[in-house]
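Working from the sequences, and respecting the hints, build out all of it.
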Amino acid sequence: MKPFTKFSSRIVPLPIANVDTDQIIPARFLKTTSKEGLDQQLFYDWRYEADGTPKPDFILNQPRARGAAILLAGDNFGCGSSREHAPWALTQFGFRAVISTSFADIFKQNSLKNSLLPLVVPAEAHAMLLQAVEGDPDLEATVDLESQTLSVASGLRIQFPIDRFAKMCLLEGVDQLGYVLKQEEAIAAFEQKRSVSINTLA
Amino acid sequence: MPKTIIEKVWDAHVVREQEGAPSILYIDLHLVHEVTSPQAFQGLRKRGLRVRRPDLTFATADHSIPTHDRSLPIVDPIARKQLEQLEANCREFGVPCEGIHGKRQGIVHVIGPELGLTQPGMTVVCGDSHTATHGAFGALAFGIGTSEVEMVLATQCLLQRRSQTYQVQVDGVLKPGVTAKDIILALIARIGVGGGTGCVFEYCGSAIRSLSMEERMTVCNMSIEGGARAGLVAPDDTTYQYLAGRPYAPRGAAWDAALARWRQLPTDEGATYDKRIHIDANTLTPMITFGTNPGMGMPIDGVVPSPETRSDPQERESLAKALRYMGLEPGKPLAGKPVQVVFIGSCTNSRISDLRAAAAILRGRKVSPSVRVLVVPGSQAVKQQAEAEGLPRIFREAGCEWREPGCSMCIAMNGDQLQPGEYSVSTSNRNFEGRQGKGGRTLLASPLTAAATAITGVVTDVRTLL
Ligand code: SF4
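Chains as they are written, first to last, in the working numbering: chain A, 481 to 682; chain B, 16 to 481.
Rather than coming from a laboratory, the hints here were simulated on the basis of the structure.
Some clues are possibly wrong.
Said to hold, decoys possible - Chain A stretches covered by chain B per the calculated footprint, using a threshold of three residues with CB under 8 Å from any CB of chain B: (1) 491-501; (2) 516-523; (3) 550-562; (4) 587-593; (5) 616-629; (6) 636-642.
Claimed, not checked - Here are the simulated SDA-like pairs of lysine to any residue, each with C-alpha atoms no more than 25 Å apart in a straight line: (7) B:K118 x B:D251; (8) A:K662 x B:Q329; (9) B:K381 x B:A264; (10) B:K61 x A:Q611; (11) B:K18 x A:S677; (12) B:K23 x A:L494; (13) A:K662 x B:V29; (14) A:K515 x B:K118; (15) A:K662 x B:G109; (16) A:K535 x A:T513; (17) B:K336 x A:L494; (18) B:K118 x B:D91; (19) A:K662 x B:R176; (20) A:K515 x B:R106; (21) A:K647 x A:Q628; (22) B:K381 x B:L481; (23) A:K673 x B:R266; (24) B:K96 x A:Q572; (25) A:K662 x B:A36; (26) A:K535 x B:Q329; (27) B:K23 x A:A669; (28) A:K535 x A:Q611.
Ideal Cβ positions, reconstructed from N, Cα and C, are used throughout, including at glycine.
Set out below in structure tokens:
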């Protein structure tokens, strides 16, 4: 995983509550056995007509979404399934942070493992951000994970929380599997004292 | 200090706890299916790792598997590749797998319990959000993403933060026509789809105690729809009776030892929870959803709510958007609304008791000629049991399609799907836009409601047919 660095970008607003993973990437695209090529499928059914032509009024099809790396989402973003295809599709499109008042648990975990920052802000800050972006579609924001601040060109500065471990993993590009693999001794010791339950090979 | 069952199971599985880092939690059972595992196996290959504990791992094909005659070739080349990939990966890494022709194949959350793999006090994970189903046994069971699947395959451990505890107490007696599905739909309608975020539910109370294991699975299954990653029921005699004699359940002295351990699991007197809610089962009615998330549910004799009644602007917009998608008008009842499809299946409601309940309504009746009715058993074992009881004949004579086991129209990955604009009453767990096929409109309900609707062709309160 590459270290998560400070960046600035336009903000793409999608202020709908409870956006589920079936919207982020519909299930019919999950038959793939690879992680690649999912950017086209991001929000597919909101983004394209039945014949594949882009719907011009959907935000991701508008010029302001081109090259943007920040999605301003509604509450409880990413609810539904555990498919990691959701953060894969978002990062492949170019997003590096999603801002919301809350995230569904599994989506949040999956995002952190893919260098996508789930950035939680209070409801008032969310409303102010949304208002600012609606007033100026080209408004830029800077995400600085190190200092945990989101600063908007309009002058708004928001401090955001993040779990210490997650922050360290993102900043240093720590590979979590590598981290657990290093705990081999503790895992083996635990297995020693564990009472046997099942054997699927029997 | 008195502990809840959630804390007991957690504490018993902590391999290591370090200040400032999530806990390393040991996993007793890892279930695998074709959709969320290929990239994980690929990851192992890239790093040159093996599966640490194939003996605690079990795979099956369910999501993209066709539910028509299994002797026919799979027409969708991408689905075929995914299914073949699962079997190849499992062979390569030594993981037991019930593939396309597996005699014990079925929906991952149906076969775990029926094989006796799922046991009280275990930690269970699967790359699937409905893993909470296994909580019915007093196991701590949660859905994980593909990176985590890879981690568990490689280390048998998961990095996890302790969740908050949320007690869901349901007391009273369910009225005729009201089922376990209605309990969980009512809970989610009350707390919303984000209500349990960061929490594990413990379902308790007299109404939960009197549920069968299969009914408890229905309740736990939809914990994720209330935002919780897991939900469980403390084990009791109902649990032990269900487990005894199952293929992977302990036997003899091992059974006695396990039973002694399991009896220690229930929440201690005086233990406290971070959150609680109480539901009176006596007042519950059959439930149905009207919107595009499972929290948008109401009693079947209710009327579709108006976005105007929502004070929060995001919520108002979500509801308005949902009603536009669903083609429903505020203030109107759902009962009497024509539907084109009825789907009886999914890890929520495809076990034998669900099929029996539906068959009891359909016996000697005909489904409306305007409705396509799909009955999809959850596993090969459920299918065989249903056949032994003569259920397929009842379904066929009524005019339903009787299929091979799989997820089928719950997720519409295998060709079973709604056409744009069609309405379906489904016993599955998600009514998201396009969940059952692009443009399809899903109304979630119990197998009883689904069967009643199949007969009349319009959304029907099953109590009018009892
Ligand atoms: S039946 Fe539906 S919800 Fe259950 S595992 Fe299959 S796709 Fe997921």
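Cross-check of the supplied hints:
1. Only when three residues or more bring their CB closer than 8 Å to a CB of chain B does the claim for the stretch 491-501 of chain A stand; here the count is 5, and the claim holds.
2. Counting residues of the stretch 516-523 of chain A whose C-beta sits closer than 8 Å to any C-beta of chain B gives 0, which falls short of three, so the coverage hint is violated.
3. Judged by the Cβ-Cβ criterion of 8 Å, the stretch 550-562 of chain A is covered by chain B as claimed, because 7 of its residues qualify and three suffice.
4. Counting residues of the stretch 587-593 of chain A whose C-beta lies closer than 8 Å to any C-beta of chain B gives 3; at least three are required, and the coverage claim holds.
5. Figure legend: the stretch 616-629 of chain A, annotated as covered by chain B; annotation inconsistent (0 residues with Cβ-Cβ distances under 8 Å, at least 3 required).
6. With a threshold of 8 Å between beta carbons, the proposed coverage of the stretch 636-642 of chain A by chain B is violated, since 0 of its residues qualify and at least three are required.
7. With a C-alpha separation of about 30 Å, the suggested pair B:K118 and B:D251 falls outside the 25 Å cut-off, and the hint is violated.
8. Distance check on the hinted pair: A:K662 and B:Q329 sit about 45 Å apart at the alpha-carbon level, beyond 25 Å; violated.
9. Straight-line distance between C-alpha atoms of B:K381 and B:A264 comes to about 41 Å, which puts the hinted pair past the 25 Å bound.
10. Only pairs whose Cα atoms come within 25 Å are accepted, and B:K61 paired with A:Q611 is rejected, the gap being roughly 46 Å.
11. At roughly 23 Å between alpha-carbon atoms, B:K18 and A:S677 fall within 25 Å of each other, so this suggested pair holds.
12. Straight-line distance between C-alpha atoms of B:K23 and A:L494 comes to about 41 Å, which puts the hinted pair past the 25 Å bound.
13. Only pairs whose Cα atoms come within 25 Å are accepted, and A:K662 paired with B:V29 is accepted, the gap being roughly 16 Å.
14. Proposed proximity of A:K515 and B:K118 is contradicted: the alpha carbons are some 31 Å apart, above 25 Å.
15. The hinted pair formed by A:K662 and B:G109 meets the criterion: a straight-line CA distance of about 23 Å does not exceed 25 Å.
16. Using a Cα cut-off of 25 Å, the hinted pair A:K535 and A:T513 is violated, with the two alpha carbons roughly 28 Å apart.
17. Only pairs whose Cα atoms come within 25 Å are accepted, and B:K336 paired with A:L494 is accepted, the gap being roughly 13 Å.
18. Between B:K118 and B:D91 the alpha-carbon distance is near 22 Å, which keeps this suggested pair within the 25 Å criterion.
19. For the hint pairing A:K662 with B:R176, the CA-to-CA distance comes to about 19 Å; that is within 25 Å, so the pair holds.
20. Between A:K515 and B:R106, the direct Cα distance comes to roughly 22 Å. Compliance with the 25 Å bound is thereby established for this hinted pair.
21. Between A:K647 and A:Q628 the CA atoms are separated by roughly 9 Å; this keeps the pair inside 25 Å, and the hint holds.
22. The hinted pair formed by B:K381 and B:L481 meets the criterion: a straight-line CA distance of about 16 Å does not exceed 25 Å.
23. A threshold of 25 Å between alpha carbons decides the hint, and for A:K673 with B:R266 the separation of about 21 Å falls inside it, so the pair holds.
24. Under the criterion of a C-alpha separation no larger than 25 Å, the hint pairing B:K96 with A:Q572 is consistent with the structure, at around 23 Å.
25. Only pairs whose Cα atoms come within 25 Å are accepted, and A:K662 paired with B:A36 is accepted, the gap being roughly 14 Å.
26. Only pairs whose Cα atoms come within 25 Å are accepted, and A:K535 paired with B:Q329 is accepted, the gap being roughly 22 Å.
27. At most 25 Å may separate the alpha-carbon atoms for a hinted pair to count; B:K23 and A:A669 meet this at roughly 20 Å.
28. Taking the CA atoms of A:K535 and A:Q611, the gap is about 24 Å. The hint holds against a cut of 25 Å.
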